[in-house]
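2 protein chains.
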Amino acid sequence: MKVEIWSDLLCPFCYIGKRKFEGALEQFAHRNEVEVVWRSFELMPDAARESSQDMHTMLAAKLGGDRARAKAMNDHVTAQAATVGLAYDLDHAHPTNSFDAHRLIHLAADHGLQDAAKERLLAAHFTEAQHLGRRDTLQGLAAEIGLDTGEVADVLEGDAYTAAVRADETEARALGINGVPFFVIDRKYGISGAQPSEVFLEALQTIWAEEHPLTMLGGPASASADDAACVDDVCAVPAQGRGV
Amino acid sequence: MKVEIWSDLLCPFCYIGKRKFEGALEQFAHRNEVEVVWRSFELMPDAARESSQDMHTMLAAKLGGDRARAKAMNDHVTAQAATVGLAYDLDHAHPTNSFDAHRLIHLAADHGLQDAAKERLLAAHFTEAQHLGRRDTLQGLAAEIGLDTGEVADVLEGDAYTAAVRADETEARALGINGVPFFVIDRKYGISGAQPSEVFLEALQTIWAEEHPLTMLGGPASASADDAACVDDVCAVPAQGRGV
Chain G
9 MKVEIWSDLL CPFCYIGKRK FEGALEQFAH RNEVEVVWRS FELMPDAARE SSQDMHTMLA
69 AKLGGDRARA KAMNDHVTAQ AATVGLAYDL DHAHPTNSFD AHRLIHLAAD HGLQDAAKER
129 LLAAHFTEAQ HLGRRDTLQG LAAEIGLDTG EVADVLEGDA YTAAVRADET EARALGINGV
189 PFFVIDRKYG ISGAQPSEVF LEALQTIWAE EHPLTMLGGP ASASADDAAC VDDVCAVPAQ
249 GRGV
Chain E
9 MKVEIWSDLL CPFCYIGKRK FEGALEQFAH RNEVEVVWRS FELMPDAARE SSQDMHTMLA
69 AKLGGDRARA KAMNDHVTAQ AATVGLAYDL DHAHPTNSFD AHRLIHLAAD HGLQDAAKER
129 LLAAHFTEAQ HLGRRDTLQG LAAEIGLDTG EVADVLEGDA YTAAVRADET EARALGINGV
189 PFFVIDRKYG ISGAQPSEVF LEALQTIWAE EHPLTMLGGP ASASADDAAC VDDVCAVPAQ
249 GRGV
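Line by line, the protein sequences are chains G and E.
Taking my numbering, I'd label the letters of the first sequence as residues 9 to 252.
Taking my numbering, I'd label the letters of the second sequence as residues 9 to 252.
Treat the hints with care, since some could be wrong.
As the list claims (entries may be wrong) - Simulated DEER-style distance windows between Cβ atoms:
no., chain 1, residue 1, chain 2, residue 2, range
1, E, His38, G, Val42, 18 to 24 angstroms
2, G, Asp118, E, His220, 53 to 59 angstroms
3, G, Pro221, E, His84, 56 to 62 angstroms
Claimed, not checked - Below, computed lysine-lysine pairings styled on DSSO-like, alpha-carbon distance capped at 27 angstroms:
no., chain 1, residue 1, chain 2, residue 2
4, E, Lys10, G, Lys10
5, G, Lys196, E, Lys196
6, G, Lys196, E, Lys10
7, E, Lys10, E, Lys196
8, G, Lys10, G, Lys196
It is worth saying that the hints were derived from the structure and are not from the lab.
Fair warning: this is a prediction, and the values are worked out from it, not measured in the lab.
Virtual Cβ for every residue (Gly too), placed ideally from N, Cα, C.
Using the sequences and the hints given, assemble the complete structure.
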């Protein structure tokens with residue numbers, strides 16, 4: 009089973025959604041057969057690497073300049089994050105451009121470290137106010153998860169994985185994805201947003217069952233008059249027992 | 009997914025287009041489910057097998073005899089080829105008739121070697137100045153990709169696969185194809201010319217998504233006010249949080 013998750017590193021619901029999805033995965037009987045692939049999506053592809061604004065001012069700009077309302081909305085997101093155990097610090101988080109961070113996630117994928125990289129970068133941005141647009145920050149975080157320093161420097165200084173990020177993004181457009189997080193299971197089912205863990209779990213179970221239908225042995229699959237079975241608290245009498 | 013590509017072996021943009029398409033395929037998540045079929049198209053069906061002209065003189069004849077201009081145009085094509093890693097040698101390439109080469113491509117298809125044959129013949133003509141109109145050249149190239157010498161000789165000496173080449177060509181006319189390369193995807197979409205890899209990739213992704221629409225689970229597909237999702241850098245506040 010393959011779950012592809014389009015998300016941005018600067019999207020607060022993407023980290024919350026990651027935790028909610030992980031909560032479902034933990035409960036899922038076939039979790040060891042689930043492959044998770046993180047796909048790139050930039051909410052603000054044109055954002056500057058360095059910004060003098062904080063997260064509240066940036067959001068306020070989109071709300072007609074109402075900083076108090078923006079801060080209240082961000083505080084609400086912080087409260088939501090707390091319900092899944094994440095201590096967001098949006099007062100100090102740095103708005104930036106996530107393109108290089110996405111390239112780093114793709115590099116990590118080539119070393120089997122994609123989830124570790126995604127987790128480390130999200131934690132750095134949302135809970136530690138680390139600056140994901142700065143090369144030295146990315147270099148330090150990459151070293152922490154075990155990526156080779158020289159290789160990371162080459163990637164960050166060059167344009168490696170640009171095509172991989174762009175391919176994820178054009179694919180998102182093709183799939184009609186215009187918001188993140190967005191979960192795609194086996195390229196057949198889509199789930200939008202940081203839904204409750206129960207929604208993810210039910211989806212995983214339903215899709216698994218659909219792809220692995222039970223083979224019925226010993227008789228018909230549904231309870232008919234000939235089954236010795238109870239359906240909706242009505243117990244059918246088996247044929248040979250009729251009239252006894 | 010089936011991609012049919014009409015092209016000629018003597019068409020410089022066909023080889024460049026092959027590389028650009030391959031670049032897209034490499035980035036395409038479902039590349040293992042794509043079947044590529046090469047279809048025949050002769051740009052110069054009446055061309056002589058042997059010609060005393062080189063490529064520049066031949067092009068010059070179509071430009072009112074201006075050989076310098078023809079060479080400049082061919083040099084420009086060579087520069088374009090270099091951008092996709094192909095070392096064209098149009099100073100020495102041999103103008104000829106590609107009909108037998110097309111028949112050979114069809115024979116190779118019957119042995120699951122169509123792409124190998126197409127690649128080998130294009131490389132031979134454009135980068136090695138091999139003469140595709142000569143039987144011994146075709147015989148040698150066919151042997152290189154593993155075709156049976158006796159069978160190849162029978163095909164080249166007889167008229168096998170003539171009908172297959174003609175069928176491709178009448179179909180091209182029916183589809184309104186008058187230039188190559190021309191890419192047809194699942195007989196529904198057409199792409200003309202050696203477009204950038206990104207164009208091919210987006211087409212593959214869009215058509216795939218259209219043919220395999222996602223079934224949405226757990227709520228609306230797009231981030232509405234009720235989704236915990238981020239769209240265009242605005243993160244919607246879930247319903248229970250509205251008015252905060």
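Going through the hints against the structure:
no. : hint                                       : in the structure
1   : E:His38 with G:Val42: 18 to 24 angstroms   : holds (19 angstroms)
2   : G:Asp118 with E:His220: 53 to 59 angstroms : violated (26 angstroms)
3   : G:Pro221 with E:His84: 56 to 62 angstroms  : holds (59 angstroms)
4   : E:Lys10 with G:Lys10                       : holds (24 angstroms)
5   : G:Lys196 with E:Lys196                     : holds (22 angstroms)
6   : G:Lys196 with E:Lys10                      : holds (20 angstroms)
7   : E:Lys10 with E:Lys196                      : holds (10 angstroms)
8   : G:Lys10 with G:Lys196                      : holds (10 angstroms)
Hint compliance for this structure: hint 2 is the single one not met.
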